[in-house]
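Kindly generate the complete structure, drawing on both the sequences and the hints.
There are 2 protein chains.
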Amino acid sequence: MLVLGSALIFLSLTPRQQAQKPNIIVFLVDDMGWQDTSVPFWTKTTEFNKRYHTPNMERLAKAGMKFTNAYAMPVCTPSRVSLLTGVNAAHHRVTHWTSPDKNKNTDFADSDLHPVDWNINGFSPTAGVPHTFYATALPEVLKENGYYTIHSGKAHFGSKDTPGSDPKNSGFLINIAGSEIGHPASYLGKKNYDNPKNGRSDRNAVSGLEAYHGSDVFLSDAITTEALKALETPIKDKKPFFLYLAHYAVHVPLNADKRFVDKYLKTGLDSTEAKYAALVEGMDNSLGDVMDFLSEKKIAENTVILFMSDNGGLSRSPARGGKAWTHNLPLKAGKGSVYEGGIREPMLVSWPGIIKPGSVTDQYVIIEDFFPTILEIAGIKSPKLTQQPDGKSFVQLLKNPSFSDKNRELVWHHPNRWVPEEGPNIHYSSAFRKGDWKLIYDYKKAKLELYNLKEDISEEKDLALANPQKVKELAVLFTNQLKKWDAQMPVLKTTGKRVPWPDEVASNGLF
Amino acid sequence: MLVLGSALIFLSLTPRQQAQKPNIIVFLVDDMGWQDTSVPFWTKTTEFNKRYHTPNMERLAKAGMKFTNAYAMPVCTPSRVSLLTGVNAAHHRVTHWTSPDKNKNTDFADSDLHPVDWNINGFSPTAGVPHTFYATALPEVLKENGYYTIHSGKAHFGSKDTPGSDPKNSGFLINIAGSEIGHPASYLGKKNYDNPKNGRSDRNAVSGLEAYHGSDVFLSDAITTEALKALETPIKDKKPFFLYLAHYAVHVPLNADKRFVDKYLKTGLDSTEAKYAALVEGMDNSLGDVMDFLSEKKIAENTVILFMSDNGGLSRSPARGGKAWTHNLPLKAGKGSVYEGGIREPMLVSWPGIIKPGSVTDQYVIIEDFFPTILEIAGIKSPKLTQQPDGKSFVQLLKNPSFSDKNRELVWHHPNRWVPEEGPNIHYSSAFRKGDWKLIYDYKKAKLELYNLKEDISEEKDLALANPQKVKELAVLFTNQLKKWDAQMPVLKTTGKRVPWPDEVASNGLF
Chain D
97 MLVLGSALIF
107 LSLTPRQQAQ
117 KPNIIVFLVD
127 DMGWQDTSVP
137 FWTKTTEFNK
147 RYHTPNMERL
157 AKAGMKFTNA
167 YAMPVCTPSR
177 VSLLTGVNAA
187 HHRVTHWTSP
197 DKNKNTDFAD
207 SDLHPVDWNI
217 NGFSPTAGVP
227 HTFYATALPE
237 VLKENGYYTI
247 HSGKAHFGSK
257 DTPGSDPKNS
267 GFLINIAGSE
277 IGHPASYLGK
287 KNYDNPKNGR
297 SDRNAVSGLE
307 AYHGSDVFLS
317 DAITTEALKA
327 LETPIKDKKP
337 FFLYLAHYAV
347 HVPLNADKRF
357 VDKYLKTGLD
367 STEAKYAALV
377 EGMDNSLGDV
387 MDFLSEKKIA
397 ENTVILFMSD
407 NGGLSRSPAR
417 GGKAWTHNLP
427 LKAGKGSVYE
437 GGIREPMLVS
447 WPGIIKPGSV
457 TDQYVIIEDF
467 FPTILEIAGI
477 KSPKLTQQPD
487 GKSFVQLLKN
497 PSFSDKNREL
507 VWHHPNRWVP
517 EEGPNIHYSS
527 AFRKGDWKLI
537 YDYKKAKLEL
547 YNLKEDISEE
557 KDLALANPQK
567 VKELAVLFTN
577 QLKKWDAQMP
587 VLKTTGKRVP
597 WPDEVASNGL
607 F
Chain A
97 MLVLGSALIF
107 LSLTPRQQAQ
117 KPNIIVFLVD
127 DMGWQDTSVP
137 FWTKTTEFNK
147 RYHTPNMERL
157 AKAGMKFTNA
167 YAMPVCTPSR
177 VSLLTGVNAA
187 HHRVTHWTSP
197 DKNKNTDFAD
207 SDLHPVDWNI
217 NGFSPTAGVP
227 HTFYATALPE
237 VLKENGYYTI
247 HSGKAHFGSK
257 DTPGSDPKNS
267 GFLINIAGSE
277 IGHPASYLGK
287 KNYDNPKNGR
297 SDRNAVSGLE
307 AYHGSDVFLS
317 DAITTEALKA
327 LETPIKDKKP
337 FFLYLAHYAV
347 HVPLNADKRF
357 VDKYLKTGLD
367 STEAKYAALV
377 EGMDNSLGDV
387 MDFLSEKKIA
397 ENTVILFMSD
407 NGGLSRSPAR
417 GGKAWTHNLP
427 LKAGKGSVYE
437 GGIREPMLVS
447 WPGIIKPGSV
457 TDQYVIIEDF
467 FPTILEIAGI
477 KSPKLTQQPD
487 GKSFVQLLKN
497 PSFSDKNREL
507 VWHHPNRWVP
517 EEGPNIHYSS
527 AFRKGDWKLI
537 YDYKKAKLEL
547 YNLKEDISEE
557 KDLALANPQK
567 VKELAVLFTN
577 QLKKWDAQMP
587 VLKTTGKRVP
597 WPDEVASNGL
607 F
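Read top to bottom, the protein sequences are chains D and A.
So the first sequence is numbered by my numbering: it starts at 97 and just counts up by one.
So the second sequence is numbered by my numbering: it starts at 97 and just counts up by one.
No wet-lab data here; the hints were simulated from the structure.
These numbers come from a predicted model, not from an experiment.
Wrong hints could be hidden among the right ones.
Copies of one chain are not kept apart here, so a pair can be met inside one copy or by any two copies together.
25 Å max Cα-Cα, derived DSS-like pairs, lysine-lysine [what the hints assert, rightly or not]:
| no. | residue 1 | residue 2 |
| --- | --- | --- |
| 1 | Lys419 | Lys287 |
| 2 | Lys335 | Lys550 |
| 3 | Lys239 | Lys394 |
| 4 | Lys256 | Lys146 |
| 5 | Lys264 | Lys540 |
| 6 | Lys200 | Lys286 |
| 7 | Lys200 | Lys287 |
| 8 | Lys287 | Lys332 |
| 9 | Lys362 | Lys488 |
| 10 | Lys566 | Lys502 |
| 11 | Lys286 | Lys419 |
| 12 | Lys419 | Lys362 |
| 13 | Lys393 | Lys335 |
| 14 | Lys541 | Lys589 |
| 15 | Lys264 | Lys394 |
| 16 | Lys557 | Lys495 |
The structure is reproduced here in structure tokens:
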């Protein structure tokens, strides 16, 4: 009866009404930190907000809603798989970044812990591929529901020679420049994005942009231009579209975008940071091009834009200029860490007619929420999925900025070692948030830390010893969730046993 | 009779006496500027001398002779071919850097001038290879005269799939990591110098260092260790050796050498410049390793070391941190330019028992002088050569630091366009030095400049208008030399005619 009813409603729509399904654009940035913008996401305007120039993000913030407590995972692929499937990383088990090469664990060797048996080949749209998370991808559902689906930019969903590596296997009708690679070997058209005309390509060469080889077109610009060209088809056919415009920027290498870099160099800014700022502005310029295009085509009013980054800003030095772990201040640490600097993201959403312009929300949301939210925006109610999504739609929040849910529980699970050097909880750490409270679990030290984010956004005052009851309460909730998902826990090399669950640590008073 | 005489002398030497032929090490650095060292090459100790730490260059300077007026060509391959053959770039016609790819002209398109038909495939040890300079290479002559010849590091003598690309075709018995490439895609062992274990290599991947893949060994260290290992054979066999240790450092990419970079970052130095300084120190560390090895093996007393760079320090920004064309001050400009910053090099030579320790010479010498000098050091008097060398041996200078020749004429010929942007005489420029006078010819402006280097090392005061007689005198000498070598001159797009010779410009008073 229900199916028949839906069909009848569908059949009664004219083509014009069908076209009024909102277009949806996910504008995803790589490695962009919470402060890498002139849009202030904190209560204060920071030096970083003054340094970076992102006029189009400002424009988007004015048109829509600013999320001051939006989260992703501490590294890249886990966030992308969560967005694609609605599933938390502890649950989908792609807990770390995937190598372009198949069957290659990117975990660095650790002296204390064995790596977990995570899904090192990433996401897969087909069953039976070893070490992948098999699920129904968001663009697949959208495509089946009449959306024209376009991928442009960085995919990094799965390793080479697995089905997840090609976005076209996951429901994208069009794929521009997306593959198994996690960063470009070069952003420069003059360098053919590192594809030589004759000779061997770098494994991180960007594919599919041959028309721009030898030109002065910066990669961020090329994927934007091609994405907008691809949009001509659904616009002409009056079909709703889903554009996933995922920038390679602002990931290293920090190639200088000549359109913007001189301005930053002239301020006397550290040269690495000047290149980074130019990379940020080039990305923002793309956002402006997209918004201008929507206006020109007179479809801006019916298009939702969701702006997001996939993890915190890189803060290793000398990859970045200046002192390590200072690039996301007031947030602690950066990419790789479960401290706020590694997971809190600049997030903006515009939806003309639905979101009140210039609204701001402090409600926390997380990357897996994009999946149910986008399905709800698209009016898709009971999609056939092979997975059970963990994310919650934030559509009610878009409609009502004062909506609040302090009982929501968020989990970040990262039982992996990212890089050779040590850093603030950048390895083998997990975290849990409920309300303003955040619990952090360091597996190597078997130590819990407790922070009140409302009072201490910089996570400087560990309240665990002062508030053991709160630690225990959160540790139990955290552990229950991890166990429910059968989350993978690393094994101690000395004992051959898994590290304790957070509630075991809490009950032992080890904090 | 002469041949017979030589044979008799040779036959009368015992193996021990033969071994007393001096060992010769050419320690060549890539893109190192005149001021990129703690050894002061100017009359004053500069801020750069204070910034860089090169204790082993200091050690070498104390042991041997410092050349304050040593020159190379403004870009890389021309210098290397001159060193290998003793021939000036105007004469060998490899006037610009060669592409790793065969038959590819690296000249950037210019609005005013057609590129010349230069030898775009570089040097060739065999005749008949199109667009190469065919000659007898220095290591070939040394090998034929009993030297054990080793190449380690960057070759960049000729393009891929030509005989010049492999140093073993040019008389080197051993080749470590040398090929057609002009810079490494990566200096990092952890990145396998950009050779993936499975997958496509970057065209600028460094070959032949598989043993170091995945390790923490920086490229400068790997080529040094392998070079020293290779030296065990001639030392054991008591054969004289010729080691050409040509560093990829300090060419971009400025990968951070973790052994040294933190020290520079902590001083608050621009992060790009900190990486550059670490690359310099890593190169210097290699020099120290070589000197220590010679002492351990008790062969230091019989080993000549010639330290040189192949062109001026790179001074483009943002490739380098800070303001463009300031990195070689007090010298003007940098790599690519015929101003002093592009051609004056840090040069040191030690020869125990021959060179007075700590000596300094202001006599000007040029890269093609290495060829006859090294042959003279090796006691090779009448080598069979297919080319006519232009260089002059500076052995008499090594023996007598007060030797002076103010009548020597030097020529830099660069009828090429290096990069897209403009810069101080970095394109289509040639220069001539005699005594303290230097004449510069800008082909695009058809303009001559005159400087007195003794009074004006920074080439700030163009004396051409004040001293037209000197301009004319030098222009005639310059033109005669260019014509003698049948030097290639670019053709104007507007008229279809070659640019005027310097003496034509001088007689027209166009300065």
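Outcome of the hint check:
| no. | hint | verdict |
| --- | --- | --- |
| 1 | Lys419 with Lys287 | between (31 Å within a copy, 24 Å between copies) |
| 2 | Lys335 with Lys550 | neither (44 Å within a copy, 75 Å between copies) |
| 3 | Lys239 with Lys394 | within (23 Å within a copy, 76 Å between copies) |
| 4 | Lys256 with Lys146 | neither (41 Å within a copy, 49 Å between copies) |
| 5 | Lys264 with Lys540 | neither (40 Å within a copy, 51 Å between copies) |
| 6 | Lys200 with Lys286 | between (31 Å within a copy, 15 Å between copies) |
| 7 | Lys200 with Lys287 | between (28 Å within a copy, 14 Å between copies) |
| 8 | Lys287 with Lys332 | neither (34 Å within a copy, 47 Å between copies) |
| 9 | Lys362 with Lys488 | neither (45 Å within a copy, 46 Å between copies) |
| 10 | Lys566 with Lys502 | within (15 Å within a copy, 85 Å between copies) |
| 11 | Lys286 with Lys419 | between (32 Å within a copy, 23 Å between copies) |
| 12 | Lys419 with Lys362 | both (21 Å within a copy, 8 Å between copies) |
| 13 | Lys393 with Lys335 | within (14 Å within a copy, 78 Å between copies) |
| 14 | Lys541 with Lys589 | within (13 Å within a copy, 71 Å between copies) |
| 15 | Lys264 with Lys394 | neither (28 Å within a copy, 66 Å between copies) |
| 16 | Lys557 with Lys495 | neither (35 Å within a copy, 70 Å between copies) |
Hint compliance for this structure: hints 2, 4, 5, 8, 9, 15 and 16 are broken, all remaining hints hold.
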